[in-house]
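S.K.: Working from the sequences, and respecting the hints, build out all of it.
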Amino acid sequence: MTAVLETDTAFGKPIRRKEDARLLHGQTNWADNIQLPGTVHMAILRSPMAHAKITKLDVSGALKQPGVVAAYGAKELGDLNGGVPCVWPVTDDIKMPAFPALAIDKVRQVGDCVAVVLGTSVAAAVDALDSIEVSYEQLPAVTNMEAALESGSALVHDEIETNACYVYKMPCGDYEASRAKADVVVAKRFINQRLIPTFMEPRSVVAAPMGMSDEITIWSSTQIPHVLRVLLALVTGIPENNLRVVAPDVGGGFGGKLQCYREEILVTNLAKKLGRPVKWTETRSENMVATHHGRDLIQDIEIAATKDGKILGLKVTLLANMGAYLQIITPGVPLLGMFMYPAIYKMDSYDFTCTGVFTNKTPTDAYRGAGRPEATYAIERIVDELAAEIGMEPMELRKKNWIKHDEFPFTTVAGLTYDTGNYEAATEKALAMFDYDGLRAEQAQRRASGDQVQLGIGISTYTEMCGLAPSRTLGALKYVAGGWEHCTVRALPTGKIEVVTGTSPHGQGHETAWSQIASSILGVPVEDIEVIHGDTGRAPYGMDTYGSRSLAVGGQAIKAASERLVEKARVIAAHQLECSASDLEFINGSFQVKGDPSKTQALGAVAFEAFTAHNLPPGVEPTLQGEATIDPGDFSYPHGTHLAAMEVDTETGQVKLRKYVCVDDVGLQVNPMIVTGQVHGGVAQGIAQALFEGAEYDDDGNLLTASLADYLIPSAADLPSFETGSTVTPSTTHPLGTKGVGEAGTIASTPAIINGIVDALRHLGVTEVAMPASPQTVWRTIQAAKGGAK
Amino acid sequence: MAHITVIVDGTSYQGEVEPRKLLVHWLREDIGRVGTVVGCDTSNCGACTVLLNGRSVKSCSVLAVQAAGCEVTTIQGLADGNEWHPVQTAFKECHGLQCGYCTPGMVLAAVDLLSENPTPSESEIREGLEGNLCRCTGYHNIVKSVAYAAELMSAGPTKGAK
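Chains as they are written, first to last, in the numbering used here: chain R, 4 to 793; chain W, 20 to 181.
Keep in mind that a hint or two might mislead.
Here are the simulated distance ranges between beta carbons [claimed, not checked]:
#  : chain 1 : residue 1 : chain 2 : residue 2 : range
1  : W       : P137      : R       : A24       : 23 to 29 Å
2  : R       : G478      : W       : E102      : 51 to 57 Å
3  : R       : R25       : W       : G175      : 23 to 29 Å
4  : R       : V456      : W       : E146      : 20 to 26 Å
5  : W       : G51       : R       : E566      : 40 to 46 Å
6  : W       : E135      : R       : R443      : 40 to 46 Å
7  : W       : P137      : R       : D713      : 45 to 51 Å
8  : R       : P496      : W       : D49       : 42 to 48 Å
9  : W       : G51       : R       : L66       : 27 to 33 Å
10 : R       : G540      : W       : P137      : 46 to 52 Å
11 : W       : E102      : R       : E654      : 50 to 56 Å
12 : R       : K276      : W       : G51       : 27 to 33 Å
With a cut-off of at most 30 Å between alpha-carbon atoms, the simulated BS3-like pairs for lysine-lysine come out as follows [unchecked claim]:
#  : chain 1 : residue 1 : chain 2 : residue 2
13 : R       : K172      : R       : K407
14 : W       : K163      : R       : K432
15 : W       : K163      : R       : K659
16 : R       : K191      : R       : K789
17 : R       : K21       : W       : K163
18 : W       : K163      : R       : K16
19 : W       : K40       : R       : K67
20 : R       : K662      : W       : K163
21 : R       : K78       : R       : K56
Here chain W is said to cover these stretches of chain R; the calculated rule only asks that three of the stretch's residues, wherever they fall, bring their Cβ under 8 Å from a Cβ of chain W [claimed, not checked]:
#  : segment
22 : 32-38
23 : 192-204
24 : 505-515
25 : 705-715
I should point out that these hints are in silico values taken from the structure, not numbers from a laboratory. Every residue, glycine too, gets a C-beta built ideally from N, C-alpha and C.
M.R.: This is how it looks when you write it as structure tokens:
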């Protein structure tokens with residue numbers, strides 16, 4: 004071994020993924036692939052109405068159909084009709100109405116579950132739904148948040164006598180004083196529209212009594228097998244130690260599989276009741292109405308500044324659409340954004356108020372970024388409007404107000420302490436990659452010549468808080484669970500390594516990246532490391548994967564567990580080599596006596612000694628493993644600068660994303676190939692919010708975009724290639740120097756796109772473009788600015 | 020019920036099938052070829068794409084009875100023994116997949132695209148894959164994968180690295 008190789012570890016290399024072989028050959032185990040003998044399939048009768056009384060429900064007709072094993076409404080299900088849990092009561096006086104898995108007496112959203120049929124095949128169960136007799140008395144649907152809060156509005160939940168779920172306030176400093184001092188106050192209303200997560204693998208869940216014990220195994224397409232196990236135990240009353248939850252191969256989540264869904268509750272309870280496997284897989288059309296949605300805020304934003312561009316204060320007033328019920332963290336999602344409205348900017352005061360509102364729509368919950376994309380959109384849009392108001396170049400305004408690299412660690416007006424950052428470096432690199440000055444010159448030329456196609460430049464200089472999260476902080480926010488993560492690293496007698504993690508990947512490449520972390524510490528080749536995840540039986544402790552936490556929190560646990568394993572091995576190796584532990588160096592997976600390279604023992608040999616236990620030092624227990632449960636000391640704060648060149652056809656409203664440049668600082672990168680892939684996908688989802696996606700309802704509460712034919716997620720033909728770069732400012736609060744990356748692109752990109760469109764049209768009098776900025780919307784906006792037809 | 024014989028990934032399967040049954044459901048439920056997956060119910064996502072007599076089809080838009088007497092290639096039959104198809108090799112090398120759910124369809128659509136156009140431009144790749152949706156990658160690396168696969172295939176019989 005050369006000296007170079009000795010220090011050259013797998014950490015930081017763009018190693019191709021271990022996961023890919025099975026995924027590229029169809030050798031996968033999606034939950035819907037599981038076919039157990041004797042399985043009965045569940046089909047669900049869903050409400051076609053947003054708000055109605057159930058005046059009749061008779062499932063007996065279904066029971067007479069061929070292949071039907073059972074059928075239940077809420078009445079027949081009785082005590083097994085568990086309630087969907089919410090674990091984030093954000094205020095003491097929050098209204099938390101019941102959310103029974105099967106609707107009782109009343110339906111409150113299109114897609115509410117009314118009855119279920121269990122059949123020996125999917126077709127038998129679905130066919131029998133037609134034999135259920137059901138009738139409804141339609142009630143006025145609550146679809147508009149502002150109208151919902153007016154007195155006299157129809158009520159989503161009669162028993163709580165209001166549609167207001169909660170009001171949350173966080174005043175920081177004296178905003179009114181800042182406003183009084185300000186030369187300029189810019190106020191805007193932004194609509195952060197409702198989105199549907201639209202992971203590619205529809206949800207699927209199988210629950211089966213295992214026979215050889217009282218165990219019920221639940222395979223679910225979930226991001227959170229560990230949390231789900233706890234919640235299912237609480238909801239169903241089945242002892243937690245009889246439940247095993249497995250997240251097999253999971254085809255994307257984006258927050259949409261961060262949930263304890265009513266279907267998971269029903270399938271689990273019915274498997275127990277019937278004593279046989281029960282399976283349910285959603286259709287895409289079910290997915291669109293029954294999987295939780297994201298975003299859906301009305302954001303009233305006010306920014307106060309001096310005329311030379313010093314930001315003094317920010318006021319944020321939100322209406323947040325809860326939908327018809329509260330799910331796992333529905334009320335808390337806006338609070339994840341609450342801390343981020345001040346973003347990278349220094350200011351004296353910040354005033355935040357959020358009102359949660361019930362409507363007769365699908366419940367909202369976490370969707371990629373969860374609160375932070377909404378916050379970043381609002382602040383980056385209002386900063387551009389402030390720049391326009393005072394006649395300042397928008398990047399110059401940002402530079403004037405952002406936290407300088409030598410001011411870290413920096414405590415923001417919202418109370419967070421950002422450990423590190425270098426906004427100057429990321430921005431300088433992005434501007435150069437983008438040819439910012441050249442594009443500004445082209446923009447001026449197109450404006451001067453009155454070109455039909457105008458050019459706009461969209462800027463987004465973002466940061467975010469991720470790596471959820473310090474448990475004490477979560478507790479202070481009334482979140483019921485912690486934010487720690489667990490890892491056990493085992494050295495097996497044959498020299499192979501198992502990394503048992505509590506994170507639960509669904510596309511992020513943990514099997515590869517976690518192997519790289521462990522390999523870099525243990526000196527064992529990546530190929531000899533197996534990452535075990537997503538199974539409460541095999542990986543018993545964990546808090547799962549969401550909020551860009553897996554590396555930021557889970558990575559710390561892998562590091563600590565690996566190091567503890569090495570320390571135990573060192574004691575055993577010292578005994579074998581007849582020296583003191585402090586005389587040993589650990590190099591490339593071998594212990595070596597300092598100054599005597601001939602005396603070595605490889606980690607695998609130590610593992611075998613620990614297995615046979617024939618010659619262990621006194622007091623050392625057999626087996627070789629390291630274990631760590633890490634509660635992070637702080638959040639993780641990635642940042643970056645995203646730039647979009649937008650061409651807008653002023654005659655047709657057609658928008659073209661000509662160029663997209665992003666420079667992200669996610670600290671040290673375990674696998675830069677995976678990091679870049681996360682950025683690409685994140686950026687695409689943020690662009691999709693800006694240009695393509697929106698869950699549209701009619702006034703009766705019908706979801707109009709209830710299939711992939713109507714809800715436009717972009718195809719390859721709708722997007723360009725992206726130009727990505729990075730700067731590396733290692734985190735000082737996370738031992739690996741890493742930061743989260745899963746949501747960064749989504750958080751950053753939406754305002755870059757809309758800022759670009761507005762920038763292209765500002766000379767025509769346009770100051771706002773609604774999302775999604777379809778050609779029709781853009782054309783109407785241009786016409787309205789011209790004073791023409793709307 | 021109708022009697023059908025279909026060659027799937029080189030093996031002949033016979034069976035009785037309801038005339039309404041979709042090819043994708045027959046593959047998954049009747050003969051256990053679960054590598055092909057269902058992503059939607061409106062023929063939009065392309066996750067279920069297979070090759071039917073060598074041409075790509077969305078197997079949710081074909082009845083099983085329509086495949087009678089045909090040859091079907093799924094993602095499970097694309098490799099030649101241990102030898103990966105160059106499109107599979109390219110997707111791994113270029114990180115053209117994340118969760119992998121769209122991958123079976125995306126790979127087979129790419130195989131068909133390259134058989135029609137062995138040297139596609141970036142825009143031809145993007146247009147050619149328009150019927151296959153991916154939510155993870157933003158398509159950037161999928162497009163790179165297909166371009167790289169075209170390179171590998173033009174270089175002659177590949178020794179696809181794993």
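S.K.: It remains to establish, for every hint, whether it holds in the given structure.
M.R.: Do the hints match the structure? See the list:
| no. | hint | in the structure |
| --- | --- | --- |
| 1 | P137/W - A24/R: 23 to 29 Å | 26 Å, holds |
| 2 | G478/R - E102/W: 51 to 57 Å | 55 Å, holds |
| 3 | R25/R - G175/W: 23 to 29 Å | 28 Å, holds |
| 4 | V456/R - E146/W: 20 to 26 Å | 21 Å, holds |
| 5 | G51/W - E566/R: 40 to 46 Å | 45 Å, holds |
| 6 | E135/W - R443/R: 40 to 46 Å | 42 Å, holds |
| 7 | P137/W - D713/R: 45 to 51 Å | 36 Å, violated |
| 8 | P496/R - D49/W: 42 to 48 Å | 44 Å, holds |
| 9 | G51/W - L66/R: 27 to 33 Å | 30 Å, holds |
| 10 | G540/R - P137/W: 46 to 52 Å | 48 Å, holds |
| 11 | E102/W - E654/R: 50 to 56 Å | 53 Å, holds |
| 12 | K276/R - G51/W: 27 to 33 Å | 29 Å, holds |
| 13 | K172/R - K407/R | 29 Å, holds |
| 14 | K163/W - K432/R | 24 Å, holds |
| 15 | K163/W - K659/R | 21 Å, holds |
| 16 | K191/R - K789/R | 20 Å, holds |
| 17 | K21/R - K163/W | 20 Å, holds |
| 18 | K163/W - K16/R | 20 Å, holds |
| 19 | K40/W - K67/R | 23 Å, holds |
| 20 | K662/R - K163/W | 17 Å, holds |
| 21 | K78/R - K56/R | 15 Å, holds |
| 22 | 32-38 | holds (count 4) |
| 23 | 192-204 | holds (count 4) |
| 24 | 505-515 | holds (count 4) |
| 25 | 705-715 | holds (count 3) |
Hint compliance for this structure: hint 7 alone is broken.
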